[in-house]
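Asks: The residues making up each chain are set out below.
Number of protein chains: 2
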Amino acid sequence: MKTEAKGLLLVVSAPSGAGKTTICKKFLKKNDTVKYAISTTTRLPRQGEQDGVDYHFTSKETFLKMVENGAFLEYAKVYNEFYGTSRKTVTELIEHGYDVLADVDTQGASSIRKLIPESIHIFILPPSLKVLEQRLRDRGKDRDEVIKLRLSEAKTEIRQSYLYDYVIINDKVDSAVDVLQSILIANRSDTNRNQGVIRTLLGENNE
Amino acid sequence: MKTEAKGLLLVVSAPSGAGKTTICKKFLKKNDTVKYAISTTTRLPRQGEQDGVDYHFTSKETFLKMVENGAFLEYAKVYNEFYGTSRKTVTELIEHGYDVLADVDTQGASSIRKLIPESIHIFILPPSLKVLEQRLRDRGKDRDEVIKLRLSEAKTEIRQSYLYDYVIINDKVDSAVDVLQSILIANRSDTNRNQGVIRTLLGENNE
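Residue numbers (the numbering used here), protein chains in the order written: chain S, 1 to 207; chain G, 1 to 207.
The set of hints was computed from the structure by calculation and includes no laboratory data. Incorrect hints may appear among the rest.
[To be verified] Short derived list, chain G residues pointing at chain S, Cβ under 8 angstroms:
(1) Phe57
(2) Lys155
(3) Ser182
(4) Asn194
(5) Leu202
[Claimed, not checked] Covered stretches of chain G, going by a simulated chain S footprint (3 or more residues, C-beta under 8 angstroms):
(6) 17-24
(7) 71-78
[Stated by the list, open to error] Restricting the straight-line Cα-Cα distance to at most 20 angstroms, the calculated cross-link-like pairs of lysine to aspartate or glutamate (DMTMM-like) are:
(8) Lys20(S) x Asp190(G)
(9) Lys29(G) x Glu61(G)
(10) Lys6(S) x Glu49(G)
(11) Lys172(G) x Asp138(S)
None of these values were measured; they are calculated from a predicted model. All C-beta atoms, glycine included, are put in the ideal place defined by N, C-alpha and C.
Kindly generate the complete structure, drawing on both the sequences and the hints.
Replies: Rendered as structure tokens:
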């Protein structure tokens, strides 16, 4: 939302297969004033991916220089490629009153919490591990061993969910999107965020 | 919401004329699983008021005995009559998983906070003092001096709003009801409230 007040930073994590990407996409579609924090990555663009839309693509050399310069709120190395969330982009959007959605892993969320303590952290849970396993199988991408590994990783990540402010159980995608929407609206009404409004109300604009 | 988890206690306050009663009524109509914390009062029923629906009507003697026995989460004396929120009713509903809405003044809210720290406190604000004054005048109930007094009381109350978790600006009633709804939904997703769900997910119901 473009307002006088600072925007909110929503940090979303989930185990693989919990439906995070679908939820985030639907949520962003409903809220064209919420900006997606586009990751910077060193991996090559895949078919159909656009620079500046899906990712900011960059070289490893540039990425590592950015790391050195503290350019990232968080970054991670996955399969020998780097992924990071630009500190400047996020903080500028927030300062200008836009809400921002960042989609990061549990370690990334923890790094962001240290740098932006007032960020709002949301963990998306599958309704059960059984459903999660089924979803991973339905993708048809992974072999049995990989699925077992993903499930074990999922458990480790879910154990970190207590560090988040909210958990959303993704039983039905649309309901999960609605909950995310409610979290945004509720946090916009947080008293601490509205001190300016209250001060204005109490005296300055009352002639 | 009737669930395994404990219900939420929503505590709502507002200055006279901010639209609290209308918002609460609309909100309760939309959420038949949220129970209204019916006040106990010593004043006589007015035309159309039903015992056990609008208020629990009682004698001063009984009321004061209840006060002595710690029966109230909060109580207040207004124009020589007493009003109180039953501790037993509220805690029993919450224990049974119902959400409860209590409509109390700023002092009542502060008493409830001490007894039920996890209660969620919401302050409803008028869009401006000018609008508040107009609304009080439109009621046509009060003379000029009374309206001046109400406005001065409103300012005192609004100064207490920083003690609340959320503030809702009642510009349009339906939007204000939606925000209240979002606050309820978001708080149901609070991580602390969902520790049981997460534990179950992680192991116990996964065969």
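Asks: Decide, hint by hint, whether the structure agrees.
Replies: Results for each hint:
no.	hint	result
1	Phe57	violated, 35 angstroms
2	Lys155	holds, 6 angstroms
3	Ser182	holds, 4 angstroms
4	Asn194	holds, 5 angstroms
5	Leu202	holds, 6 angstroms
6	17-24	violated (count 0)
7	71-78	violated (count 0)
8	Lys20(S) x Asp190(G)	holds, 18 angstroms
9	Lys29(G) x Glu61(G)	violated, 34 angstroms
10	Lys6(S) x Glu49(G)	violated, 46 angstroms
11	Lys172(G) x Asp138(S)	violated, 46 angstroms
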